[in-house]
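Novice: Residue numbers (my numbering), protein chains in the order written: chain W, 3 to 61; chain F, 8 to 322; chain E, 33 to 918.
No lab work stands behind these hints: they were computed from the structure. It cannot be assumed that every hint is accurate.
[Stated by the list, open to error] Straight-line alpha carbon distances no greater than 30 Å define the calculated BS3-like cross-link-like pairs of lysine-lysine that follow: (1) F:Lys75 <-> E:Lys847; (2) E:Lys772 <-> F:Lys305; (3) E:Lys130 <-> W:Lys39; (4) E:Lys292 <-> W:Lys39; (5) F:Lys242 <-> E:Lys847; (6) F:Lys242 <-> E:Lys874; (7) W:Lys39 <-> E:Lys275; (8) W:Lys52 <-> E:Lys213; (9) W:Lys39 <-> E:Lys787; (10) E:Lys586 <-> F:Lys305; (11) E:Lys137 <-> E:Lys46; (12) E:Lys874 <-> F:Lys305; (13) E:Lys230 <-> W:Lys52; (14) E:Lys188 <-> W:Lys52; (15) E:Lys883 <-> W:Lys52; (16) E:Lys146 <-> W:Lys52; (17) F:Lys305 <-> E:Lys883; (18) W:Lys39 <-> E:Lys280; (19) W:Lys52 <-> E:Lys430; (20) W:Lys39 <-> E:Lys49; (21) W:Lys52 <-> E:Lys151; (22) W:Lys39 <-> E:Lys93; (23) E:Lys464 <-> W:Lys52; (24) E:Lys847 <-> F:Lys77; (25) W:Lys39 <-> E:Lys430; (26) E:Lys763 <-> F:Lys305; (27) E:Lys847 <-> F:Lys305; (28) F:Lys286 <-> E:Lys847.
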Amino acid sequence: MNKQLIGSVVVIGGGISGMLSALDLANSGYYVYLVEKGPSIGGVMAQLDKTFPTNDCAM
Amino acid sequence: MDTYINKIRELSLKLLKKKEVVKVIGFTKGTLPMATSPIAISLEQDVEKLIFNSTCGLNLANYIRNHKGKIAVIAKGCDSRNIITHIVENQIPREQLHIIGVPCKGMIDKTKVASLFDDDIIEFSEDNDTLLLKSSSKEERLNKQDYLRENCKLCMHKNPVIYDDLVGDLVDEQTLDTPYPDVEQIENMDADTKWQHFDKLTKNCIRCYACRNACPICYCPTCFVDESGPQWVGKGQDKTDVNTFHFLRAFHCAGRCTDCGACVEACPMDINVRDFTRKLNKDSFELFEWEAGLDLTKRPPLDAYSPNDPNDFIK
Amino acid sequence: MPLKYAINPDICLKLTKDKCGTCEEVCPANAIDYTQTEEHITINAGSIIYSPGFTPFDPSKFDNYQYANFPNVITSMEFERILSATGPTMGHVTTFPKLPLNPKKKKDKLLAQKRKDPKKIAWFQCVGSRDINKCDNPYCSSVCCMYAVKEAIIAKEHAGGDLDCSIFYMDMRTPGKEFEKYYENAKDKHGINFIRTKVHSVTENPETHDLNIRYVDDFGQIVDDTYDMIVLSVGLEISEETKALSEKLGIDLTSNGFCKTNSFEPVTSSRDGIYISGVFNNPKDIPDSVLDASAAASAAGDALSSARDTLTKSVEKIEEINVVGERPRIGAFICDCGSNIKGVVDCEAVTEYAKTLPYVEFADESMYACSQDAQSKMVDFIKEKNLNRIVIAACTPKTHEPLFQETLANSGLNKYLFEMTNIRNHNSWVHKNNPDIATQKAKDLVRMAVAKAALAEPLKEEKINVNDSVVVVGGGLAGMTSAKSLATQGYSTHIIEKNNQLGGEAHKLYKTAQGEDVQTQLNELIKEVENNDNITVHCNTTLESADGFVGNFKSTLKSDDKEFELEYGIAVLATGAKAFVPDEYEYGNDERIITSLDLDKMFKVNDTKLDTINSAVFIQCVGSRQPDRPYCSRVCCTHSIDNAIELKKRNPKMNVFIIYRDIRTYGESELLYKEARNLGVIFIRYEVDKKPEVTIKGKNLFIKVTDHVLNMPVEIKTDMLTLATAIVPRKDEKLANFFKVPLNDEGFFIEKHAKLGPAEFATSGVFLAGSGHYPKPVNEAITQGRASASRALTLLAKKDSLFTSGIIANVDPLKCSECGVCVSICPYSAPMFATEGRFEGKAEVNPVLCKGCGLCVASCRSGALHLRGFDTNQIFSQIFALGEVV
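Full structure from sequences and hints, please.
Specialist: Given below as structure tokens:
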């Protein structure tokens with residue numbers, strides 16, 4: 003049986019990883035639903051000050 | 008010097024006769040004693056016009072661009088280095104050049120010689136290391152070594168670096184422990200003295216651009232001082248504009264200047280323009296182990312991008 | 033700390049008692065809507081990516097550290113906010129950080145008086161990690177060592193030189209790229225103290241609230257010390273909520289709540305169609321999460337490849353109006369950014385001033401220029417007033433330029449007829465206390481922007497034709513994985529492998545850290561790759577050249593003695609790394625002295641010699657973490673421990689010793705370390721300046737090492753010595769030059785961005801996977817293989833809409849002196865000499881290769897090069913406009 007595939011993906015979690023998965027998929031031709039339980043995306047990385055080892059600003 | 012002249016004429020005649028080159032670029036006698044001027048010879052009978060002596064201080068590399076057909080050029084050590092710079096910078100292909108190399112014994116400082124006389128010099132000749140000068144009031148016999156130009160005194164590349172023929176045996180090169188004593192002297196000045204030094208240096212500049220025109224590496228179709236859109240620098244005698252011209256020109260020469268002295272030779276106001284360019288030559292030497300015009304395969308350090316640049320800022 | 037404000041419905045008076053309603057009144061953007069309620073939406077989708085993240089461990093339950101009771105004991109997450117300029121103390125490191133800046137309660141006020149700038153801060157590592165005594169988290173959280181070092185360095189930067197920072201740790205785990213150097217710098221350059229001990233408990237001076245600690249140092253001495261603040265480096269935990277949802281989704285978890293995966297499909301959950309990424313997959317840092325993200329996208333996409341492009345929507349394009357030759361008619365839009373700008377700058381005055389400037393036809397102030405309605409109003413104004421240049425005075429172009437440019441495009445204007453000036457970050461934020469000067473500066477900035485915009489010209493973006501076949505250099509695990517994913521999504525892919533078979537270094541491995549047999553799965557993968565119609569495998573083949581640029585590469589390949597050419601659009605560099613050949617510990621002088629890979633080989637063939645061994649020793653960090661090779665090779669600790677367990681399982685009576693410096697079994701590999709200790713493997717630590725000594729005395733092999741517990745030399749007689757050798761990069765400078773990609777000091781490839789671009793290069797169209805990036809185990813190599821494929825796919829999918837930037841250099845041939853500086857100085861080989869036409873010999877710039885960096889423009893002595901969009905006359909006009917007196 004050839005099941006009809008649906009060309010969309012649900013991404014659960016809007017942290018750095020979820021956001022980038024969503025972007026990659028949307029840019030490669032899939033419709034994406036990004037689901038985040040909080041009021042904004044960004045996750046823990048948005049709360050960090052700088053990142054190692056480059057000391058770049060996390061935002 | 009006569010042997011040099013004979014050899015230059017002999018080689019030039021041969022090249023023109025065999026049609027190996029369409030013209031020969033060399034020096035000819037000027038209208039005044041101690042003056043020589045560049046000349047391009049294309050007829051066999053004109054080779055007699057070619058001369059060479061201790062007053063041929065201009066740089067013939069300045070005249071080798073934009074010719075059709077193969078040309079021959081007379082080249083002292085510094086001329087040959089600028090020829091290399093020209094080849095590297097795509098101004099002329101090597102195949103288009105026949106280089107008649109002249110092992111150089113130094114050029115004389117005409118201003119210094121002239122200052123010995125109150126009236127005009129009417130005759131100049133030389134015999135090995137002796138200069139003979141005559142004015143209507145007196146005669147002087149001078150030791151050439153005492154009247155060499157400053158750049159020639161410090162020259163470490165008297166022999167042509169690249170040539171097809173030589174007009175005489177190679178001369179001994181000197182090696183100097185401190186090749187930049189003049190720059191060091193300026194570097195050691197405190198800020199105020201330095202400021203005064205350069206203030207005084209350019210005070211007499213009349214913006215005639217003779218230095219730029221004599222410089223072989225100032226070959227841009229439109230020099231930044233002549234450009235009006237954008238106007239990089241004001242056209243008048245304002246001190247800032249005058250200094251901007253000299254500073255920027257020096258920076259354009261960084262890593263390319265061979266210290267041939269043509270700029271100083273050409274300056275009607277006796278400004279030692281080399282004070283600007285020499286500092287950058289010293290920096291090129293110390294930071295990049297670079298002297299301009301010695302290598303046909305390498306570009307000047309400031310002209311090239313390298314991912315392995317030793318400077319930290321590039322990473 | 034959410035980036036947007038939200039109403040807590042349990043507390044809101046309006047929602048609970050229908051009172052108040054203040055927020056609706058004061059919100060200038062009318063963003064408050066009390067009528068919103070919970071909605072249930074059903075979504076039909078082809079795949080799910082589950083990326084629920086982690087929660088920081090809550091140390092409240094640890095009575096020995098008194099986090100809940102001592103105000104100066106805080107968590108690393110709290111410290112992170114204290115360091116942040118947008119945090120509660122605005123980046124100022126202070127004691128009692130959790131108190132409000134201006135406390136209202138009397139008790140808090142008294143405390144606040146005791147506030148001081150700390151002089152001594154301690155970090156306690158492994159709080160909620162590697163701990164089954166006080167909590168149930170036996171795993172290592174992977175990130176805490178590095179973030180503690182970072183926090184200490186930044187704290188010192190914020191507080192100045194005399195802040196004393198000490199990190200109390202068990203093992204320093206810095207096994208990531210450039211991490212070891214960061215750690216070394218922290219010690220040597222920043223003067224951070226590292227103390228190897230676990231502090232038992234913290235007490236507080238009730239008066240000053242200073243914190244007293246007591247610990248046993250490396251020499252067994254008891255030390256008492258006092259600190260102003262203690263930061264608990266809390267671990268990463270999977271929340272109960274996530275575990276519950278996982279159960280609902282029907283995916284298998286490890287005993288610690290992380291998702292169970294196979295090393296060869298590291299982002300695939302046990303449930304078909306559900307892919308996972310991030311910390312939920314295993315504790316990991318940002319770049320590894322970023323790799324997971326792309327890898328999960330690749331896996332989810334692979335499963336749906338036949339339905340690609342069926343549900344996406346395309347944007348309608350608006351015809352561009354030709355404004356060339358028209359007199360500039362500038363529209364200036366001044367943004368209040370709520371009170372962000374208007375709170376300081378008199379925006380009305382700036383708007384009025386803008387109207388007086390030359391060429392300005394129209395000026396308008398808006399509360400939020402970036403809001404939806406302000407954008408549509410802007411489109412109307414552009415059309416109504418026939419504007420042909422736009423100036424926006426608002427925030428930073430870094431975040432908002434694309435948005436405004438889209439608005440221009442929507443009104444039919446070329447998007448480069450636009451200038452943005454930052455009157456927020458560069459003005460209202462930094463001149464808060466000087467509103468008059470700030471207003472004046474805003475006017476200056478607007479005047480400069482107008483002067484530049486008046487000279488703006490419409491710029492053309494060149495279309496890039498993309499050849500959609502891919503070359504993967506290197507047929508190891510990472511390369512094969514990348515090729516497989518790209519082929520599955522329909523792209524013709526070539527694998528260039530210099531050896532005579534696919535598989536690379538993985539052929540030498542016995543087991544993964546999860547215990548899977550490598551050879552079985554490797555051979556399956558090789559078979560899949562070889563049987564894929566979209567993949568062409570070129571074994572015994574080397575890459576001899578590479579020219580071109582994204583979408584248009586051309587290479588000469590050499591196979592045996594035959595040369596052939598290949599044209600392709602995308603390159604993936606997966607050239608891997610190799611094992612270091614030891615030059616110490618008597619390696620090569622005795623057949624009982626072997627490397628980790630030699631031991632794997634013995635396991636693979638079930639060598640009978642293994643049965644004769646009664647004592648085995650492993651020496652760690654052979655060739656790693658020393659001055660000439662300062663990085664950590666990442667995999668060796670886990671590898672040796674895994675092999676030690678294998679030996680112990682074969683012969684429980686065998687004496688197995690691991691001589692190490694720090695055990696770096698990050699993530700759930702920590703469980704192997706625990707298992708090894710339970711099985712009786714003996715761990716002896718050494719310092720790099722006191723390496724173990726190996727001697728061969730007749731038939732016997734002796735290893736002498738100073739035991740760190742006894743502080744005495746011990747001599748071990750052994751039958752086998754395994755050296756855990758470094759992984760060294762291939763340092764392929766030729767390949768790096770072909771694709772204009774950089775190598776770091778050690779010879780690993782440098783990725784586009786250490787955090788956000790780990791699977792790609794700065795050179796467009798070139799991607800990176802595997803140990804050529806940094807040493808990594810099987811699952812991480814495969815993750816990066818998939819991630820590189822996903823990143824490449826985003827480019828390939830845009831095949832028909834790939835354009836260059838309009839901001840590129842161009843040559844005025846009449847001024848060009850043909851000196852070739854631009855040709856030699858360009859890092860991207862964009863300028864070249866014209867080979868034909870009227871301007872033969874003059875320089876010209878290939879718009880596809882040009883990145884608009886301006887290096888050639890600045891280097892051109894003849895003034896022949898111009899940077900479109902930043903032309904010299906535009907810069908001059910800005911400078912002159914600045915000098916004008918208002």
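Novice: Take the C-alpha atoms of lysine 137 (chain E) and lysine 46 (chain E), compute the straight-line distance between them, and say whether it is at most 30 Å.
Specialist: 26 Å, holds
Novice: Below or equal to 30 Å on CA atoms is what counts here, so check lysine 874 (chain E) against lysine 305 (chain F).
Specialist: Since the Cα atoms of lysine 874 (chain E) and lysine 305 (chain F) sit roughly 20 Å apart, the hinted pair holds (cutoff 30 Å).
Novice: Given the hinted pair lysine 763 (chain E) and lysine 305 (chain F), is their Cα-Cα distance within 30 Å?
Specialist: Holds: lysine 763 (chain E) and lysine 305 (chain F) sit about 25 Å apart, inside 30 Å.
Novice: Does lysine 292 (chain E) pair with lysine 39 (chain W) here, judged by a C-alpha cut-off of 30 Å?
Specialist: 23 Å, holds
Novice: For a C-alpha distance cap of 30 Å, please report whether lysine 847 (chain E) and lysine 305 (chain F) respect it.
Specialist: 24 Å, holds
Novice: Just to be careful, I want the Cα atoms of lysine 39 (chain W) and lysine 787 (chain E) compared with a cutoff of 30 Å; is the pair within it?
Specialist: 25 Å, holds
Novice: Just to be careful, I want the Cα atoms of lysine 39 (chain W) and lysine 430 (chain E) compared with a cutoff of 30 Å; is the pair within it?
Specialist: Roughly 28 Å separates the two Cα atoms, so the pair holds.
Novice: With the threshold set at 30 Å, check whether the alpha-carbon distance from lysine 75 (chain F) to lysine 847 (chain E) stays at or below it.
Specialist: 21 Å, holds
Novice: Under the criterion that the straight-line Cα-Cα distance not exceed 30 Å, is the pair lysine 242 (chain F), lysine 847 (chain E) satisfied?
Specialist: 20 Å, holds
Novice: Do the alpha carbons of lysine 883 (chain E) and lysine 52 (chain W) lie within 30 Å of each other, as the hint requires?
Specialist: Between lysine 883 (chain E) and lysine 52 (chain W) the Cα gap is close to 28 Å, so the pair holds against 30 Å.
Novice: Is lysine 242 (chain F) close enough to lysine 874 (chain E), meaning Cα to Cα at most 30 Å?
Specialist: 28 Å, holds
Novice: Check the hint pairing lysine 52 (chain W) with lysine 151 (chain E) against an upper bound of 30 Å on the C-alpha distance.
Specialist: The given pair, whose Cα atoms are some 22 Å apart, holds under the 30 Å limit.
Consistency with the previously given hints is maintained throughout, with no hint failing.
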